[in-house]
Structure formats: structure tokens, C-alpha cells
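Asker: Chain order of the listed sequences is A and B. Each residue of the first sequence is one higher than the one before, counting from 16 in the working numbering. Each residue of the second sequence is one higher than the one before, counting from 16 in the working numbering.
Treat the hints with care, since some could be wrong.
Copies of the same chain look alike in the list, so a pair counts if it fits in one copy or across any two.
[Claimed, not checked] Listed next, the in silico SDA-like pairs over lysine to any residue satisfying Cα-Cα at most 20 Å (straight line):
no.	residue 1	residue 2
1	K44	E218
2	K250	H45
3	K75	H234
4	K44	A155
5	K97	D227
6	K112	D235
7	K44	N221
8	K143	G210
9	K100	F236
10	K137	D83
11	K238	S193
12	K75	E194
13	K106	N228
14	K100	N228
15	K250	S150
16	K103	E73
17	K238	D119
18	K44	E18
19	K238	E111
20	K44	S17
21	K44	E194
22	K238	R121
I should point out that these hints are in silico values taken from the structure, not numbers from a laboratory.
2 protein chains.
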Amino acid sequence: MSELFQHGTLALLVPGLLEGTMSIQDVLKHGDTGIGTGQGLDGELIVLDGTAYQVNGEGKVTVVNDTDFKLPFCDVHFANFKLLKAAKNLKMTDVEKTVFEDVDYRNVFFGVKITGNFSKVKARSVNKQDKPYPSLTQTADQQSVFNHEDINGTIIGYYSPHIFNGPAVGGFHLHFISEDKTVGGHLLDFELADGEISLQPFETLNQHFPVDNQEFMSHDFEKDDIASAIDYAEK
Amino acid sequence: MSELFQHGTLALLVPGLLEGTMSIQDVLKHGDTGIGTGQGLDGELIVLDGTAYQVNGEGKVTVVNDTDFKLPFCDVHFANFKLLKAAKNLKMTDVEKTVFEDVDYRNVFFGVKITGNFSKVKARSVNKQDKPYPSLTQTADQQSVFNHEDINGTIIGYYSPHIFNGPAVGGFHLHFISEDKTVGGHLLDFELADGEISLQPFETLNQHFPVDNQEFMSHDFEKDDIASAIDYAEK
Numbered sequence: 016m017s018e019l020f021q022h023g024t025l026a027l028l029v030p031g032l033l034e035g036t037m038s039i040q041d042v043l044k045h046g047d048t049g050i051g052t053g054q055g056l057d058g059e060l061i062v063l064d065g066t067a068y069q070v071n072g073e074g075k076v077t078v079v080n081d082t083d084f085k086l087p088f089c090d091v092h093f094a095n096f097k098l099l100k101a102a103k104n105l106k107m108t109d110v111e112k113t114v115f116e117d118v119d120y121r122n123v124f125f126g127v128k129i130t131g132n133f134s135k136v137k138a139r140s141v142n143k144q145d146k147p148y149p150s151l152t153q154t155a156d157q158q159s160v161f162n163h164e165d166i167n168g169t170i171i172g173y174y175s176p177h178i179f180n181g182p183a184v185g186g187f188h189l190h191f192i193s194e195d196k197t198v199g200g201h202l203l204d205f206e207l208a209d210g211e212i213s214l215q216p217f218e219t220l221n222q223h224f225p226v227d228n229q230e231f232m233s234h235d236f237e238k239d240d241i242a243s244a245i246d247y248a249e250k
Numbered sequence: 016m017s018e019l020f021q022h023g024t025l026a027l028l029v030p031g032l033l034e035g036t037m038s039i040q041d042v043l044k045h046g047d048t049g050i051g052t053g054q055g056l057d058g059e060l061i062v063l064d065g066t067a068y069q070v071n072g073e074g075k076v077t078v079v080n081d082t083d084f085k086l087p088f089c090d091v092h093f094a095n096f097k098l099l100k101a102a103k104n105l106k107m108t109d110v111e112k113t114v115f116e117d118v119d120y121r122n123v124f125f126g127v128k129i130t131g132n133f134s135k136v137k138a139r140s141v142n143k144q145d146k147p148y149p150s151l152t153q154t155a156d157q158q159s160v161f162n163h164e165d166i167n168g169t170i171i172g173y174y175s176p177h178i179f180n181g182p183a184v185g186g187f188h189l190h191f192i193s194e195d196k197t198v199g200g201h202l203l204d205f206e207l208a209d210g211e212i213s214l215q216p217f218e219t220l221n222q223h224f225p226v227d228n229q230e231f232m233s234h235d236f237e238k239d240d241i242a243s244a245i246d247y248a249e250k
């Protein structure tokens with residue numbers, strides 16, 4: 016079984032430790048598939064087949080491959096998904112039930128890929144913030160929400176065991192990109208009309224910390240209500 | 016900077032998922048230094064210079080290198096400690112303060128090694144449990160406690176960031192072994208008369224899951240009060 020590489024933690028986004036601490040080139044050495052965000056929460060990233068796509072605050076998609084593009088947080092892995100099943104009229108709220116009725120993956124990290132035609136996609140993206148960086152909930156309050164209907168595309172995301180809520184988003188954390196690579200974002204809701212669900216369980220989480228970032232190293236997380244902020248901004 | 020390898024999670028010990036899922040030989044491929052426990056909470060393990068010592072429920076120390084010796088949980092790494100400082104009359108409760116007045120390591124995992132003469136050591140060990148395995152707090156209620164005075168020895172352990180309490184023990188988790196390798200255990204209290212503190216920060220946590228253990232894979236952790244049990248049994 017394969018490995019999930021996580022740079023940074025979801026927790027460090029909560030108080031606004033949004034400095035980019037790993038370049039997109041270095042991120043891609045650890046995987047060809049994944050999700051993340053840029054410095055200052057610069058959009059929602061989705062990595063697919065080795066290409067990193069950024070959905071910016073206006074909902075526009077661009078490929079990012081500039082050495083200067085750095086990320087405070089990402090999850091990537093090398094894709095080796097296995098088809099779980101075909102699905103029709105699948106709502107986002109039913110993903111957990113439909114996955115766990117077939118596989119016992121609740122206590123491990125796994126990758127999720129859902130492809131097909133979506134009758135509804137509700138995705139958000141955020142605008143790049145400048146220093147002094149606001150908190151995650153402050154940025155989420157200014158998010159842009161995009162609604163799409165009858166759209167082909169791909170969901171890439173991860174399930175994290177609930178005891179890892181804080182380091183990661185406990186449960187599912189899913190990003191979307193359209194087949195024509197023009198729209199996407201962090202998923203708030205969707206309905207898959209007709210498509211397929213594939214999964215990739217991980218034996219190992221490689222949790223990498225931004226040890227050269229002094230602000231991260233010296234931050235006191237005890238004042239931050241991490242779980243509430245993740246619930247508010249990411250679920 | 017180096018890596019910490021963790022097999023299993025502290026959380027899985029809480030409901031008594033105590034099946035050994037990695038052999039001591041495989042564990043030692045990931046480090047020459049560390050802590051752990053055997054199948055059924057079979058004693059307190061301390062790995063030092065590539066040798067795994069087991070302190071059993073009677074407080075006796077033996078070297079474990081049998082292929083059949085399997086562990087449900089361990090933390091190991093390859094030692095490359097750096098001296099932090101000499102210390103005199105250091106109480107266990109003051110370790111956190113004395114470490115963090117010198118280094119900003121609160122938000123990363125790091126290894127701790129404390130050597131010297133101890134005026135007081137209070138260590139516990141547990142007896143191997145049989146199936147059906149009891150919970151961690153039930154086993155802790157039957158622990159044996161050993162008190163030593165004026166003893167030379169080595170503490171090996173880890174600090175884990177508090178957002179990882181559950182996967183690990185948030186804060187310090189320290190084991191002890193005497194210089195003559197006759198006594199040791201999981202530390203409940205100590206006072207270092209005269210010695211040295213060394214640390215080794217980790218850039219990466221390699222969190223490995225026992226994916227072939229069906230009992231772990233299908234367990235519902237939502238019923239387990241992980242944080243309270245860790246506080247009760249490990250701190």
C-alpha cells in the first residue's frame with residue numbers, strides 16, 4: 016500500500032500561519048495527485064496527473080508551476096486508485112455511507128477520486144490574503160461560492176481518521192475541477208448524476224512540518240480553537 | 016533533520032486493540048532508539064543503541080529479539096541527538112519548562128534522551144494481558160510501580176505536539192532503563208541529580224497503520240474516550 020504526504024497541518028492555517036513553506040516543484044516530488052492552497056490561502060489547489068491547478072478567488076483556473084509558488088499546506092500522493100463502484104444520483108452527504116458500506120477504511124487515511132457527470136456542484140474558493148494574515152474563519156467569511164449544473168469533472172480529496180482532526184480535516188476533504196479545467200474549488204456540496212468512485216488506502220502518513228518557519232515553530236496553538244475553526248471553514 | 020517512525024497509534028491501545036502487528040525485527044529497521052510495548056501490553060519497551068529491552072510486569076529486564084515478539088505500538092528513530100544542556104536536580108515536572116526555555120520545538124515531534132545519575136526514579140510496568148484484551152485504563156489499574164534511588168541510567172522518549180494527542184501522547188512520553196540494564200519502565204516521576212539532556216527534532220512523522228489487522232480496521236473509535244484514557248494511563 017502507498018503513502019500520503021502532508022506538508023504543514025490544517026491547524027496552522029487556523030491562526031493564519033499562511034507563509035508558503037514548500038514550493039510546488041518540491042510538492043510534486045511527493046505526488047502527482049492531491050489538494051492544497053497557496054501562500055496567503057491563494058486559492059484552492061487540485062493536483063491531477065502531475066499538474067497543479069489553482070482555482071483563484073474569482074473562480075478562474077490556472078496551472079501553477081512557478082518556483083516562486085509556495086504552499087503552507089498540501090496533501091499529495093502518487094495515484095494508484097482502485098475502482099470502488101459506479102454511482103448514480105450520489106449526494107455529497109451520502110459519500111461516507113456509500114464508501115463505508117463496502118470497505119473498512121475508517122481508521123486509516125485514504126485518497127478519493129470521483130469522476131463523471133455532476134448534476135450539481137457547489138464549490139468555494141478564497142482570495143489571497145496579505146500580511147498580517149487573517150485567521151482561517153475570517154478568510155472563510157469572505158469566500159466566493161460558485162454553483163454549477165450538469166458539469167463533467169473530477170473530485171480529488173482525502174479521508175482522514177477523526178483522531179487526526181486538527182493535523183488534518185477529520186473525515187472527507189474534497190476539491191473539484193471540471194473536465195475542461197475552467198472551474199473548480201473546495202467542495203461545499205455536490206450531486207453526482209452518473210460516475211465512478213475510486214479509492215486508495217494509505218499504509219503510512221508522512222506528516223512533514225515547516226521546521227524552517229520561525230512563526231510556525233514559535234506559535235502558541237493553545238489559544239486557537241482548532242476543531243471549531245476546521246468545522247466552520249472546511250466542512 | 017530526521018524522521019520519527021510510529022507504528023500504530025496510542026488511541027488503538029485505549030479500547031484494547033493489543034494484537035502485535037509488527038515484529039521487533041521490522042521495528043528495528045526503522046530506528047535504533049525508541050519506546051513501545053509488546054502484544055497484550057507485554058511490558059514497557061525501550062530501544063537503545065539498536066537493542067530492544069523489555070521491562071516486564073515484575074520489573075525484570077530482558078533483551079527481545081525473537082521474530083515472534085510483535086508490537087501493537089512503538090515509536091523509533093535513528094539516534095542523532097544533540098546536547099541541549101547539563102542539568103542538576105531536575106524534576107520530571109520541570110522538563111517541559113527547561114527544554115522550551117531554550118528551543119522552539121513545541122509544534123514538532125522530537126526525541127529526548129536524558130542520561131546521568133538519578134536521585135529518584137518512579138517507573139511503572141504492566142503485565143501481559145490475554146484475550147479478550149482489557150482496555151488501557153483497566154490494564155493501568157493493575158500496573159506495578161517500582162521506586163529507585165541513586166541510580167544511573169538513561170531516559171528515552173518523545174515529545175508530541177498537543178494536536179497529536181490521540182495518535183500519540185501529547186507532550187512527553189518517557190521510558191527509563193538503568194545503566195546496568197536491570198530495571199526500568201514507563202516513567203511516572205523522576206529527579207535527575209546530575210546529568211545531560213539531549214534532543215533530536217524531527218522534520219517528518221512517519222505514521223504507519225496496522226492495515227492488515229481487521230480488528231483495528233473495523234473498530235469504531237467514536238465510543239472510546241481517547242483523551243481521558245491517555246491522561247489516565249500515560250501521563
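Asker: Are the hints correct? Go through all of them and say.
Answerer: Structure-based check of all given hints:
Proximity of K44 to E218 under the C-alpha cut-off of 20 Å is found in both arrangements, the shortest distances being 19 Å within a copy and 17 Å between copies. In this assembly of identical chains, K250 and H45 lie within 20 Å of each other by CA distance neither inside one copy nor across copies; the values are 26 Å within and 36 Å between. For the identical chains of this complex, K75 and H234 are neighbours neither inside a copy (33 Å) nor across copies (42 Å), given an alpha-carbon limit of 20 Å. In the homo-oligomer, the alpha carbons of K44 and A155 never lie at most 20 Å apart, since the shortest distance is 30 Å inside one protomer and 44 Å across protomers.
Taking CA atoms no more than 20 Å apart as the test, K97 paired with D227 passes between copies only; the shortest distance there is 18 Å, against 37 Å inside one copy. Within a single copy, K112 and D235 get their C-alpha atoms only as close as 37 Å, which misses the 20 Å cut-off; across copies the closest is 14 Å, which meets it. With identical chains, the CA atoms of K44 and N221 are at most 20 Å apart both within one copy (13 Å) and between copies (17 Å). Taking the shortest alpha-carbon separations for K143 and G210, neither the intra-copy value of 33 Å nor the inter-copy value of 50 Å comes in at or below 20 Å.
When the C-alpha separation of K100 and F236 is checked against a cutoff of 20 Å, the pair qualifies neither within a copy, at 41 Å, nor between copies, at 26 Å. For the homomeric pair K137 and D83, neither the shortest alpha-carbon distance inside one copy (30 Å) nor that between copies (53 Å) is at most 20 Å. For a Cα distance limit of 20 Å, the shortest separation of K238 from S193 qualifies neither inside one copy, at 39 Å, nor across copies, at 39 Å. Taking identical chains as interchangeable, the C-alpha atoms of K75 and E194 lie at most 20 Å apart only when both belong to the same chain, with a minimum of 14 Å there against 64 Å between chains.
Proximity of K106 and N228 under a CA criterion of 20 Å is satisfied in neither setting, with 40 Å inside one chain copy and 31 Å between copies. Taking identical chains as interchangeable, the C-alpha atoms of K100 and N228 are never at most 20 Å apart, the minima being 42 Å within one chain and 24 Å between chains. For the homomeric pair K250 and S150, the shortest alpha-carbon distance inside one copy (16 Å) is at most 20 Å, but the shortest distance between copies (32 Å) is not. In this homomeric assembly, K103 and E73 never come within 20 Å of each other (Cα to Cα): the closest approach is 30 Å inside a single copy and 60 Å across copies.
In this assembly of identical chains, the alpha carbons of K238 and D119 lie at most 20 Å apart only when taken from different copies (17 Å versus 35 Å within one copy). In the homo-oligomer, the alpha carbons of K44 and E18 lie at most 20 Å apart both inside one protomer (13 Å) and across protomers (18 Å), since each shortest distance falls under that limit. When the C-alpha separation of K238 and E111 is checked against a cutoff of 20 Å, the pair qualifies only between copies, where the shortest distance is 18 Å, while the shortest distance within a copy is 32 Å. Proximity of K44 to S17 under the C-alpha cut-off of 20 Å is found in both arrangements, the shortest distances being 15 Å within a copy and 18 Å between copies.
In this homomeric assembly, K44 and E194 never come within 20 Å of each other (Cα to Cα): the closest approach is 24 Å inside a single copy and 44 Å across copies. Within a single copy, K238 and R121 get their C-alpha atoms only as close as 30 Å, which misses the 20 Å cut-off; across copies the closest is 14 Å, which meets it.
Checked against the numbered hints above, the structure violates hints 2, 3, 4, 8, 9, 10, 11, 13, 14, 16 and 21; every other hint is satisfied.
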